[in-house]
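Undergrad: Sequence lines, in order, name chains A and B.
Sequence positions in the first sequence follow our numbering and run 42 to 433.
Sequence positions in the second sequence follow our numbering and run -8 to 287.
It is worth saying that the hints were derived from the structure and are not from the lab.
All the given hints hold, so there is nothing to weed out.
Only part of the chain A face toward chain B is listed, based on derived beta-carbon distances under 8 Å: (1) TYR193; (2) LEU341; (3) GLY398.
Even glycine gets a Cβ: it sits at the ideal position worked out from N, Cα and C.
Letter by letter, the chains look like this.
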Amino acid sequence: MSDTTTQSSPAAGPGTGAPGAAAGTRRALQLRRPATGSLLLILFVAVLAVLPFYLEEFWLRTGFAVFGAAIGAIGLNILVGTTGQLSLGHAFFLAVGGISYCWLSGESNDSGSHPYVGLGLPPLVGMVLAVGISGLAGLLFSPIGARLKGLYLGIASLGLVFVGIHVFNSASEVSGGHNGRTVPDFSLFGFTFDDTDPDLYVLNVEFEKFERLWYLGLVLAVGCYLFARAALNGRPGRALRAVRDSEIAASVNGVNVTAYRARAFLLSSMYAGLSGVLFALAIGSVAPESFAIEISVQYLAMIVLGGLGSVGGACAGAAFVTALPYVLRQYAESIPGLSEPGTGGVSYSEAARYAYGAAVILVIVFWPSGLAGIARGLKAIGSRRASRQAPT
Amino acid sequence: MTTFLSFLLNGLSLGSLYALIALGFVIIYKASEILNFAHGAFLLLGAYVIARVEPSVGFAAAVAIGIAVTALVALASEKILFSRIRSAHVASLTIMTLGLDVLITTDLTRRIGSSVMSLGQPWGADVVRLGDVSISENRLTAIGVAFVLIGLLFAAFRFTSWGVALRAAAEDPEAAALMGIRQARVGAVAWLIAGGLAAVAAVFLTGSPTPGLEPNLRTIAFAAFPAAILGGLDSTTGALAGGLIVGVAESLFAGYSSSLTFLGGGFSIVVPYVVMMLVLVVRPAGLFGTKELHRV
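Full structure from sequences and hints, please.
TA: Quick look at the structure:
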């Protein structure tokens, strides 16, 4: 065995696998490669796990929003990237998840002119049921969702967003109507994800709301990531890709096209539901209008930037699109050309929209496979170099 | 009965405008197989340009400039962006139109701000009475203009060489290319026409009874998407029928909303989508769309 030179690039991200380490024989290479990928993922997660000890609240808040968005992006990518079904309805399923959580775990509010009800269930139960309800909504839509293809589904699901906002606004007892409702804090068997109750110090760092939420987001995002990768690398993933590439070939090979499309829709809407719960927790108060068509477009931007069909890419895209407005807002004063909202100049949120709109166009024109494609390209260069160095 | 006729006439007017937008959407799809979500942004652009130049050059010239600018922007986006990546996945192409839509809409929304701009239509808010039925002059003009334009367009499909080329290219791109049809030109003309139609629709959609140009014009124009889909994405007849169905349904539900309160306030806005979903459950390719058949 020769010396191994592991060359990993920072852009590779989790799960894309390090550029194949130079290994003596082909067999050793095969054995080693997945291990390197997993190690890199573990390392990345470990870095994320210690970050709350060093970061200030702003970054933790941004990070939690990113974790939530990453889950939704993974879900949408299963549907659009892997199955080839264009959906603009993701915002609707986020709404179902977020609003159901508030309804299931929130408290009733009888005071004021906009009363709403809450069932007061434990937040964990609320979260699980909210994900279930989102899945159910996906199933109810599947007579349309699984029969329609590509572009037709795109516009049909656009309708879902508009109709959804109307339905939620009309059911103001559940959603709080136009004024929305506050989101109940998450808690796990008596441990509240809030500033106090109980006060918590770890290694002399005070763990407040967003330190706690960071870990909640991290655990859920990693879980969703692993599940999606396992599903997509296995038989279901192959079947879905077959459906995307050729419906006829897939059905000739014994793939039940309609059933697999419906399952992809179900899974995607459950991911969206969980993402919606985290989105609600991140912004603290939700109204049906929080889930407008722009949200769907943002999620599509995430998966295109990350690379259609790539789970890791979806996470990277989610980080870019979600963090951008937060970061621009935080540093608005030091960025030339940005002005306060409402003064007629370019505000931080508009700047963020310009940036991701332009990024989507540039990525599709110049790097159609997104960040994941760039990472794969680097990996290919790495392994070519490695195989040149390796003795044969 | 008169109220019903009035709702119906207003609905037909709204529907003919939706049909104009949906037709643009459909011919772009036929020529380049792209679902152009930036169409709402084109509409907004047309209205904005007209509103800005109208005070200095007058209404007629402003409309001409608005139509020209919108058509050229549509053409430019096809030439610069979409024609380069014909081979890309259809989802990528569509998402790219969304990116374009985000760019244009963000910019125009920022420029319009919270003001309501007027396009300076010379007919203003005048109302015409036909017997007992009343309709704003704007809406009545819209019907006339829309039907003339749609008639011209349908004649163009049938009789001009571009129209024949468009239909051939949509039917079988490969055979059309072998017959010497230049798809780049067919596509360019399609985008040009679609952009122009969007600007024309914008003139009437911002007129009475609408107060003027507001950023939410794009959302109103969104109703043309379900119109195109329920008619069948590759059918021009379908776009016309879909537009009229959606317009009439929306107008009737808005008119009778006081006796339909159980559907929730503002239901008329979502009527186009509800109608579309109902149609799609029964006919997944729309009313006039070609059902995709596979020979195995």
